[in-house]
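Trainee: Chain residues, written in single-letter form:
Protein chains: 2
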Amino acid sequence: MVDIATRVYNHKWKIDPIVRSLIDTDFYKLLMCQSVFRNKRDTHVSFSLINRSTEIPLAELIDEGELREQLDHIRTLSLTRGESTWLRGNTFYGKRQMFRSDFMEWFENLRLPPYYLEKRDGQYELTFEGRWPEVMLWEIPALAVLMELRSRAVLETMGKFELQVLYARAMTKLWEKIERLRDLDRLRVADFGTRRRHSFLWQDWCVQAMFEGLGEKFVGTSNCLIAKNRDLEAIGTNAHELPMVYAALAETDAELRKAPYRVLADWHEEHEGNLRIILPDTYGTEGFLENAPDWLAGWTGIRIDSGDPATGAETAIRWWKSRGEDPRKKLIIFSDGLDADKISDLHRQFDGRAKISFGWGTLLTNDFRGLVSDDRLAPFSLVCKAVSANGRPTVKLSDNPNKAMGPAGEIARYKRVFGVGEQEALEVVV
Amino acid sequence: MVDIATRVYNHKWKIDPIVRSLIDTDFYKLLMCQSVFRNKRDTHVSFSLINRSTEIPLAELIDEGELREQLDHIRTLSLTRGESTWLRGNTFYGKRQMFRSDFMEWFENLRLPPYYLEKRDGQYELTFEGRWPEVMLWEIPALAVLMELRSRAVLETMGKFELQVLYARAMTKLWEKIERLRDLDRLRVADFGTRRRHSFLWQDWCVQAMFEGLGEKFVGTSNCLIAKNRDLEAIGTNAHELPMVYAALAETDAELRKAPYRVLADWHEEHEGNLRIILPDTYGTEGFLENAPDWLAGWTGIRIDSGDPATGAETAIRWWKSRGEDPRKKLIIFSDGLDADKISDLHRQFDGRAKISFGWGTLLTNDFRGLVSDDRLAPFSLVCKAVSANGRPTVKLSDNPNKAMGPAGEIARYKRVFGVGEQEALEVVV
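The listed protein sequences derive, respectively, from chains A and B.
Under my numbering, the first residue of the first sequence carries the number 736, and numbering increases by one thereafter.
Under my numbering, the first residue of the second sequence carries the number 736, and numbering increases by one thereafter.
None of the hints are false.
Intra- or inter-copy, both count: the list cannot distinguish identical chains.
27 angstroms max Cα-Cα, derived BS3-like pairs, lysine-lysine:
#	residue 1	residue 2
1	LYS895	LYS952
2	LYS895	LYS963
3	LYS908	LYS895
4	LYS993	LYS1056
I should point out that these hints are in silico values taken from the structure, not numbers from a laboratory.
Kindly produce the complete structure, drawing on both the sequences and the hints.
Mentor: Right, here's the structure in full:
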């Protein structure tokens, strides 16, 4: 029996919305948003979509009207009562009332600001401008919408059973990864795959499969909506946008040099324990750690998000030792371009030498490689980044020059200020 | 939204019935039943379950109470009005009113007769006794129930996502076969997989996937309920039980020798065109064809159901030629132990030399080989056969001694009467 009311209700949707909730976003976005709301509320920022996989002509694949409908729908969303209750009442990282009342009141009244969309050279130019705490919340839903519209464009031509077999293959593929990971003692892995997921429903499936297949080795998801619905831990700390904007706001080279530490000083005031995770690579990990104040060595851990991950982890371990810290008590979170094999390798390499944990993203929630002809469902490297703050361009160097961003002149200046020399260029797959 | 009424209704089932309709059976059973109803209505027969895969201890795997509940449920079934209308009004093999009114009236009032169930040596002894047209209708549902209860026993311990991945793998496996078959020009393949299916829902899925994936190359299903529900052709002609029972009823060796032809003479009176398909192997194909009356060479085709299929087809082609018939106008139906590779091979070998068609059974609807540990879902060779008629044992020789049945003394007698010499023993997989 079909539920008639459900069918009728579904027909009332003008579109099939991809993002249906303001908390269908990464947990760290909300943590950072609260921090920004407290410390940099009036900073004017601009975020832009950047498709690093230029061979994927997004503007040819995705209908502009459909994209506008999805983005417009997101602008109609506001926090529901249940979502607000969850954010206010739930325990995050063991702490109650992670989100302060003033922030929650602001968030409860938030609608996302306008977007600016144009087509150029087969790509979409999608930009968000306004106050930082508002604009920053566009990043994840904008990415999720573009990724899923691209999936839909490919799926549109497929038959019902062909589709079922496609998902059957994708399920099998993920399950085989889970079966391999299950054998790793002391594994800790979380879902970080919201932004570049194949689709919302698929991410939801992946998370549940991880939960059933890995048990306690699956520590949670970065996606707040899924964490809430599935009663899982919401996972995440902070990201590059904080040092990037703080750096752009610096008036002098001396201030610029201090900016990444200013970010963490603000963070230090707000958070403790497992939320004190250093993201060292924005302007080169080596220099960042070398010049870091001693109180940072006391932080819980470090997240390795670019460059060769094993090299990054060795650097961190060396640094902790040089500061008199015991690396075995420290947490290393790997979160860049992971897949089951890389997770296994890194786990074998570092298990016992530090506490380690994995934030598994795109190849968890969007590994459709090899499943359709011409690989038209393979994930690609789409990002949405802060590109300016109060009218000044932002810069990211990272530990991989292929992930660097910003105007060439500014990149050169940052490299000089942060003492970044030769870097190994690594292919950015996802 | 869940449909509350559906949930509540489902909770009212005391069991989850495997067979829910008297037409959840092979089409040829109904054709044969009508023929038996006309010609041998009062013959007393006994049908027995035979598990040729003795390494599968069915009575240890399947709970006796559950088996009884399923069999008891089948005894509560009667033809619904819609089913009756379909049988009376639908076109089968291009013919209207395939089922005569007197037969339909009898069928509409039918309930299946009692069953006799015992455990012995880890196996079930399941027997049906009574009038032939009633007892014969137990064969397919009895097999389907045992096959599906065995599947359920294995699936019971699996988690929700593990289960989903299991079916994902099975779907992928079938779809890859379909993709290979799709490339064969002039392919004609039907589903013959009711009796040894993994489950009803799985068979229904397989049939729909074949329909979408193969288009017109998929010619229909032997399962009447699925043919009705999915608006497909119901496929099938006749089976070994006719010559086996006719032979058992023979009073003398001379009558025995004529019995297989008597069956087809009765069939000749009732059916024409694509329903005139010879099943020659009950007592050895070679001798059967050699001694066949000339009118049989005029029949439309032949079904190869045991022995090496290519050899059987060559024998048929030679025989047609020796009788002045053009094999290219004849139909050869392969139906024994087929899988995609064998279908491809036979198609390449005989396409153009005769019209050919495939009845794909167990490895279409139950190929779960290699999908769980210890291969506990692999299909196995379960049959339900007429073992006696009016108190006399039946015998089947077939073209493969591993498929022979009956008391040793009777087998020897039949071999002598039908002039069957040395036969090649082939492994019976399914």
